[in-house]
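Protein chains: 2
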Amino acid sequence: MRCENPVMNQILDAYRPMWSLKHAISLMGWDFETYMPREGTEERGVADSQLHMLHKDLLLNKDFIGLVESAKKLENLSDLENGIVRVLDREITKQIKIPKVLTEAESLERIRGNMAWREARKKSAFKMYEPHLKKMVDIKKQIAEKIGYEKHPYDALLDTFEEELTVDDLDRVFGALTPRIQNILKKLVDSGSPFCKESKLGKSRYDIQKVDELNHDILTLMQYDMKRFRMDVSTHPFTETMGLNDVRITTRYEGTDFKKSIFSTIHEAGHALYNLQCDQSLSVTPLEGGSSLALHESQSRFWENIVGRSLPFVQLIAPLIRKQVSFANQATADELYLYFNNVKADYIRVDADEVTYNLHIAIRYEIEKKIFGDELSVSEIPEFWNDRMEQLLGVRPTKDSQGVLQDTHWSSGLFGYFPTYTLGNLVSAIIASKMRKDLEGYEENIKKGNFKPIRKWLRSKIHQHGSVYAPKVLLNNTFNEGYNPDYFVTYIETKYLGF
Amino acid sequence: MRCENPVMNQILDAYRPMWSLKHAISLMGWDFETYMPREGTEERGVADSQLHMLHKDLLLNKDFIGLVESAKKLENLSDLENGIVRVLDREITKQIKIPKVLTEAESLERIRGNMAWREARKKSAFKMYEPHLKKMVDIKKQIAEKIGYEKHPYDALLDTFEEELTVDDLDRVFGALTPRIQNILKKLVDSGSPFCKESKLGKSRYDIQKVDELNHDILTLMQYDMKRFRMDVSTHPFTETMGLNDVRITTRYEGTDFKKSIFSTIHEAGHALYNLQCDQSLSVTPLEGGSSLALHESQSRFWENIVGRSLPFVQLIAPLIRKQVSFANQATADELYLYFNNVKADYIRVDADEVTYNLHIAIRYEIEKKIFGDELSVSEIPEFWNDRMEQLLGVRPTKDSQGVLQDTHWSSGLFGYFPTYTLGNLVSAIIASKMRKDLEGYEENIKKGNFKPIRKWLRSKIHQHGSVYAPKVLLNNTFNEGYNPDYFVTYIETKYLGF
Chain H
1 MRCENPVMNQ ILDAYRPMWS LKHAISLMGW DFETYMPREG TEERGVADSQ LHMLHKDLLL
61 NKDFIGLVES AKKLENLSDL ENGIVRVLDR EITKQIKIPK VLTEAESLER IRGNMAWREA
121 RKKSAFKMYE PHLKKMVDIK KQIAEKIGYE KHPYDALLDT FEEELTVDDL DRVFGALTPR
181 IQNILKKLVD SGSPFCKESK LGKSRYDIQK VDELNHDILT LMQYDMKRFR MDVSTHPFTE
241 TMGLNDVRIT TRYEGTDFKK SIFSTIHEAG HALYNLQCDQ SLSVTPLEGG SSLALHESQS
301 RFWENIVGRS LPFVQLIAPL IRKQVSFANQ ATADELYLYF NNVKADYIRV DADEVTYNLH
361 IAIRYEIEKK IFGDELSVSE IPEFWNDRME QLLGVRPTKD SQGVLQDTHW SSGLFGYFPT
421 YTLGNLVSAI IASKMRKDLE GYEENIKKGN FKPIRKWLRS KIHQHGSVYA PKVLLNNTFN
481 EGYNPDYFVT YIETKYLGF
Chain V
1 MRCENPVMNQ ILDAYRPMWS LKHAISLMGW DFETYMPREG TEERGVADSQ LHMLHKDLLL
61 NKDFIGLVES AKKLENLSDL ENGIVRVLDR EITKQIKIPK VLTEAESLER IRGNMAWREA
121 RKKSAFKMYE PHLKKMVDIK KQIAEKIGYE KHPYDALLDT FEEELTVDDL DRVFGALTPR
181 IQNILKKLVD SGSPFCKESK LGKSRYDIQK VDELNHDILT LMQYDMKRFR MDVSTHPFTE
241 TMGLNDVRIT TRYEGTDFKK SIFSTIHEAG HALYNLQCDQ SLSVTPLEGG SSLALHESQS
301 RFWENIVGRS LPFVQLIAPL IRKQVSFANQ ATADELYLYF NNVKADYIRV DADEVTYNLH
361 IAIRYEIEKK IFGDELSVSE IPEFWNDRME QLLGVRPTKD SQGVLQDTHW SSGLFGYFPT
421 YTLGNLVSAI IASKMRKDLE GYEENIKKGN FKPIRKWLRS KIHQHGSVYA PKVLLNNTFN
481 EGYNPDYFVT YIETKYLGF
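Chains as they are written, first to last, in our numbering: chain H, 1 to 499; chain V, 1 to 499.
FYI, nobody ran anything at the bench for these hints, they're computed from the structure. Computed from a predicted structure; not experimentally measured. A hint or two may mislead.
[Claimed, not checked] In silico EDC-like cross-links for lysine to aspartate or glutamate, where the CA-CA straight-line distance does not exceed 20 Å:
no.	chain 1	residue 1	chain 2	residue 2
1	V	94	V	33
2	H	227	V	39
3	H	56	V	39
4	H	100	H	138
5	V	100	H	257
6	H	197	H	257
7	H	227	V	257
8	H	62	V	13
9	V	123	V	407
10	H	227	V	42
11	V	210	V	257
12	H	100	V	13
13	H	56	V	407
14	V	151	V	130
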């Protein structure tokens, strides 16, 4: 990309080595989870940390900061140029404010804490992991103070993951969302809804190669261009973007519950599409990613849940499933639909259905807020967790691995990340509602496998902009909305109570 | 690794980011040839050149050069410390001497020339590629002048690939080798040797998945540890080392001539073993690679030809082949042995057998020497090539794709690289001769699949040292030899005339 303003072009040129380091770091991350021989771990760790340090050196280079500072004073910048300045200024500010000693302490604790967490989860013993969690929380509290905040220390951390997100926003969101979801869940259970009946599907062992073919068939149906995209296998599915023309996802094959594999694939492919449909002029600039984690999650959840778990989509892929999954070779679209949308209040977040999922997030949000607001100590977390699970979902974990130890996030220092999952769900419903008004024959097109109108709509409204706009600005400009939970609640009510 | 001397430790610390950049560049190279989606090419090109520039900046940083200069003045350095200084000093000197404008011109011409060469090879039209080859030769002549040399401009380029290798060395080598090989070839053809009879094997289509299993079976037999090693597929097989604990090879499946796939695998695995058996204390230092290209090639050729194409090895793997290759399910070990060792004077170097291979290299060496000695112009190459093919091998290419256009090296600026292939062959024979004297039951162990004694011998004599010693020093210290062709000639005579 070339800009009108010479300072902006200098910034873009100086950014190329930083982009390249990120490119390499992304590839190393992808490779670590997919193909790297196991004993390469230590060497990869050295390379990863060294490349991060090189990146930081370039970002905090005086001349580069000087360029960004001059650009901040320029007038009449285009949206695009403003976006570049905004994104880089945010990154510089965060990196400058956090002293090296804290960054290093966090890096170290991330490795140690993560190892301790793995061990503790295996043994279902929170006590083993507790001292590490205390240490990490302590580091994060210091980081929050260094970054600074207006009202709540947790705001400093939230903003790291979702630009300008605050406790006030989230209190509003969960205050409105949680009781309404609880209410829907109660109605479903009390009425003996077909969604609550356990399916017989997904109980036998499937042929991994065939389900892999099935996933590829679905991606082909969804028009993914394998010249710019690929899919591999990893324990935890993820999307990694090397650049706008090299976006990769992974999926998982745990062996029986094949919906997990299919919907991991569609979920990650949704993330990938955000990058694949970004305007090519943003390539090798700071704007080539998505606007935020919540916006990214809105894309993955839109495709996974709102499209992927809809009846027309299930009708579309049912023949492919019957072909590749031997024990489902007689399954009707309706049976598959109920299997894919089974609702069950249960312990594990990653396996949760659309209805209960955000209740899991609500608990994590409450805990994080209380910890950073000094209202809850680390040692009190397990009991608080279990109490809230009982209150919100009606099930009480009997061991730590079912409860507080299930997620990796905290051990990696990711405090403030969980809420973006719920925001993503809310935004996916906003998108779906707006889209249905704009696109005639929305459902018929899905049933026919014609995804072009949806892709085009998403490209023009969201994808093409990359991170030119901050998430709140994008939502406001495009949809005249914020993180409004009403659309999501209506979507869930219509789908689950109206069936 | 930690040294006695604080300056050496400063050097090692400063080297870590350079090592990390190389690690990332290697991974990007591996990925480019194996899994990268096709349209990621341009972005990968940006990242690759930016990371190279970052590496050059770090290497030529004044403080770093200052450290290496101080280290050069230190006395009582260990072999290891001397090795570090030698390797870094060589790299710095080369990079400093070549002006940026030449490096950039070469980079650019490498891409353009390579594209032109591909096109020209397809159309078998040297004229299309000639202007690019002229340009590259011109750039390389300038580079040779900048690097400097004592006797012959070509020496400057040879030294880039093989430390201290000169035209004098190679004139001695080929002067002794070429006529003796021609003589052996003549005897084989004239006597109607069974090695010269075309085999029926390798003419039908094989099942790629089964030959892939076969390759993995062979690697298992050869005790490759998949925790530090892996094998993938690419058009042209190669070995890439991310670090001492992450070494990767690729192989190829062209579909019919299955020996190509097997011996590519064993060849690359031989390269890999050099790195896998390097002393772990050299990890993340400038010494973790092999001593030189020729030494590396000696390892790949030792395993591919001297072990892999020997009768005991063929007897060992024959049952695996009969199991996986349907049209060879009745083949005896002797039939396989003759198929693997078929001798034929033909046009293409990469498909050449052990006997004729070095004649192909001799021609390339003569041409390169004459070009940089201003005794031959670029436009005269095709005819010279064909004449020499006729004289040395008795076959005259009738089109450029069979002749001058077959190799990619020149289009990528690799002048001085070819001779290391022959040196590798010579050294592999030196190694085999010395090893047989040291190891009792050498052949019986191969037949039994007991490769431990060979691996141990190679580790102690060569592998463990990484690039602590320059190749000539290593050969002299360990074997009291140079690039002596006698061992190779004796090996070929014994194997092919004594059967």
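Taking the hints in turn, this is what the structure says about them:
1. For the hint linking residue 94(V) to residue 33(V), the alpha-carbon distance of about 28 Å lies beyond 20 Å, and the restraint is violated.
2. Distance hint between residue 227(H) and residue 39(V) is fulfilled; the C-alpha atoms sit about 6 Å from each other, no more than 20 Å.
3. A C-alpha spacing of about 29 Å is found between residue 56(H) and residue 39(V), which places the hinted pair above 20 Å, so the restraint is violated.
4. Restraint check: the Cα-Cα separation between residue 100(H) and residue 138(H) comes to about 16 Å, which is no more than 20 Å; the hinted pair holds.
5. A threshold of 20 Å between alpha carbons decides the hint, and for residue 100(V) with residue 257(H) the separation of about 58 Å lies outside it, so the pair is violated.
6. A hinted pair counts as satisfied when its Cα atoms are at most 20 Å apart, and residue 197(H) with residue 257(H) qualifies at roughly 16 Å.
7. With a C-alpha separation of about 29 Å, the suggested pairing of residue 227(H) with residue 257(V) is violated against the 20 Å cut-off.
8. A distance of roughly 24 Å separates the Cα atoms of residue 62(H) and residue 13(V); the hinted pair therefore is violated under the 20 Å criterion.
9. For the proposed pair residue 123(V) and residue 407(V), the alpha carbon gap of about 15 Å is at most 20 Å, so the pair holds.
10. Pair hint residue 227(H) plus residue 42(V) holds up; C-alpha atoms about 13 Å apart against a cutoff of 20 Å.
11. Straight-line distance between C-alpha atoms of residue 210(V) and residue 257(V) comes to about 14 Å, which keeps the hinted pair within the 20 Å bound.
12. Taking the CA atoms of residue 100(H) and residue 13(V), the gap is near 18 Å; set against the 20 Å cutoff, the hint holds.
13. Restraint check for residue 56(H) and residue 407(V): not satisfied, since their Cα atoms lie roughly 42 Å apart, outside the 20 Å limit.
14. Taking the CA atoms of residue 151(V) and residue 130(V), the gap is near 28 Å; set against the 20 Å cutoff, the hint is violated.
In this structure, the earlier hints numbered 1, 3, 5, 7, 8, 13 and 14 are contradicted, and the remaining ones agree with it.
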